[in-house]
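Using the hints, position chain V against chain S.
Chain order of the listed sequences is S and V.
If you want my numbering, it's the position in the first sequence, counting the first as 1, plus 29.
If you want my numbering, it's the position in the second sequence, counting the first as 1, plus 29.
Keep in mind the hints are simulated off the structure, nothing from the lab.
Using N, Cα and C, we set each Cβ at its ideal position, and we do this for glycine too.
No false leads were slipped in.
Derived, one-sided and incomplete: chain V residues facing chain S with beta-carbon distance under 8 angstroms:
no.: 1; residue: Ile191
no.: 2; residue: Thr290
no.: 3; residue: Leu317
no.: 4; residue: Gly356
no.: 5; residue: Leu397
Number of protein chains: 2
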Amino acid sequence: MNIQADRNKILVESVKRLLRRDAVSHLRKIVNKTHAADLSSVFRAIPVSSQRKLFDLLDNINQKGALFSYLDKDIFLDLIEGIPIERVVDVLESMPTDDVADLIASLPPEKSDAILLKMKKEGLEEVEGLLRYGDETAGGIMAPDFIALTQDMTAKESIEAIQKEHHDVEMAFYLYVVDEYGRLVGVSSLRQLVVAPPEKPLKDFMVTDVFSVQTGMDQEEVAKIVARYDLLAVPVVDDNNKLVGIVTVDDVIDIIKQEATEDILKMAGAGYEFVENKSIIKSSRLRLPWLFASCMGGIVASLIIAYFEDSLQKMAYLAVFITVICGMGGNVGTQSATIVVRGLATGRINIRELWKVVFKELSTGFILGSIYGALIACVAQFRYGIATFALSVGLAVICSMSAAGLIGSLVPMLLAKVNIDPAVATGPFVSTTLDIISVSCYLFIATALVSQ
Amino acid sequence: MNIQADRNKILVESVKRLLRRDAVSHLRKIVNKTHAADLSSVFRAIPVSSQRKLFDLLDNINQKGALFSYLDKDIFLDLIEGIPIERVVDVLESMPTDDVADLIASLPPEKSDAILLKMKKEGLEEVEGLLRYGDETAGGIMAPDFIALTQDMTAKESIEAIQKEHHDVEMAFYLYVVDEYGRLVGVSSLRQLVVAPPEKPLKDFMVTDVFSVQTGMDQEEVAKIVARYDLLAVPVVDDNNKLVGIVTVDDVIDIIKQEATEDILKMAGAGYEFVENKSIIKSSRLRLPWLFASCMGGIVASLIIAYFEDSLQKMAYLAVFITVICGMGGNVGTQSATIVVRGLATGRINIRELWKVVFKELSTGFILGSIYGALIACVAQFRYGIATFALSVGLAVICSMSAAGLIGSLVPMLLAKVNIDPAVATGPFVSTTLDIISVSCYLFIATALVSQ
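Looking at chain S on its own, in the form it has when it is part of the complex:
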């Protein structure tokens, strides 16, 4: 797991050392032979003044463009602050349109307007076309450059067309075939063109059953289709089935990683975006609201305990097992919620099987609760020798862990049913609810059973 990290660290250290020594010719050599992805890691570790210095050392405008698209958005913003806008525009115009649209969408309006004003007409139209689509839709992530041929072209003509016109298309493995209205009618590949008899027209060997997605489709859905059917790219069509762009598999990988990170953070109630690179104050502010629900829930749990204060006064040992009962419930609840949320995200759990899933989690919680309930009841019996008390503790663990299976699965399933992202409130919400249920069950059962 550390090979990549080690390589990066070595690179960062060398660059820092050379920067300190101001060894410009060395630095020039290094930055020009380093992959833009790696260079973006270096930029993450050095101050903005050094970033600008390295950026100026890049000889190739395509390398500059690649670096732009790999940089974190906030680093990109700081970097271009100090570069004349004309030079930024030059770099942007050398980049694939979808990457440019992504960057521009992340800029503050006054900056993006200034850049769009300076861009040449052709690129500008494409970028503005892309900016029309929602950020996280197929339209928003597609590249508008693709190879589209017509169905009457022969294999030979198609190859010639590619040789002449499509030098600069990113990742050209699929060749899309369109009719006279630009509507998608088939797909072929360079592979097939090379193997087919030269005079054979495309329509005789193209595949007509093409997977395609609509411009408005959510990016997560697009990623699922590409992953499910092992595609390298999927064509994007508008409402009239006109081919308008493609989404390539490298973008899909980014989406899958980003969605997984978002789900993980949301489930832990740690916000939507990765906060580790932000300042302490910023990161506290982002995490603060997610704890508020827990705090309110915790206060409710306190009030419930306060309601039983008289009993607690008489039987102080009741307080001893509150933590372990809440803890066990919380853990099972987290297990169930995680399994359900991830199952929904990966399609292994179907939203329509609500009761089947909930029943299963409830049963699992009950079984686990019976086992650990017996164990913890034994501890209580051994420590205090009051059978009714030990029984109460055992029963409370069973109730708490069964409720955990129920709540942990029901909440995300219901949220998904009404189209709310089940990952959002699941984590802290479920564990706080379970605290309330656990203390209520426990103290209610104990005060009822144990003779005071």
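Chain V in isolation, oriented as in the chain S frame:
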């Protein structure tokens, strides 16, 4: 998020209806035109007898092979139980070798031995070659079919070679160039071949700076490289730099999804593998051990509370805030642990920055603790009007949430440092440790400050 799920549900329902009516010709039509990925979802929803019926209706052996590789491993096992072994072997021999090796590795030894015995020599050698490598290494996931050309071949000769010999290679977009010992020396693409002058030798236009991975590299590392550099495939070489296979981007997507699921489940203490499709008993058994540490920790917390029993007897209100203090600590701990574990997995946090990361999480915990500590102290003051008690509650929240930031970041960082997967024990381990710390701090501070 539900388009794919809806489509699948409709398909499953139609198939079930047709199975009930035993409408064989309809079923035959449907299964033969359905993508194997979708058919595998149908198989997940129907009993094994129906699965066999549908399988027999598949006309094309390649379609049968594709279905095999999409099926969940346990469904595959049950399905082939009822099929004569010769027919299973026929299907396997039509499949890409890496998929066959995957399936065979998942079978019980007596079954896999029986199958290997029946396989033809050529395929057998390739499969056994792959089985030698670790399951989750580059060698274990690579496909041994790839296009390798020699550097003196011209563009035209290369195209002819592809037309003649490489009809059946999966996803041929990169063409690897090897020397006389089979060592990897460069890479080209069909794209470049088509565009290059026909008589130009490969060595004049191939790219010599090729990304490659060693057979023993962990699959997660391979996935990182493919994702980082936007590759469609990465060549796998042995210790002598001899090209032995390729890992394609579709396998990388599966790895990324699988690793994300594993991390999520591990963090929640819900095991390594997805248990939702297993029986209630099986799933309980898998989840049981993960709760044991929490249970032990909970019992320790109980003993600590028991130690303060006299004070609790005199001041029953002390018990009232135990739950909310533990809960707030647990939530912040989960936030910190999640951010660090995911940050390490995605490379946004570097393992060498241990103290920087821990200090930051500790500070964030302290800030959040001060805010919520003040809030909860106000509630305590309002309810009981005992200033020393309210102060104790507030201080306990600060201690608990600061400790949460510290433990939540330190534990995964240290685990990563000694090369233990940080996701494994983080979740339940961190929250249980925090319960112990929280009750200790709280009761110690309260008994010290509040005059009895």
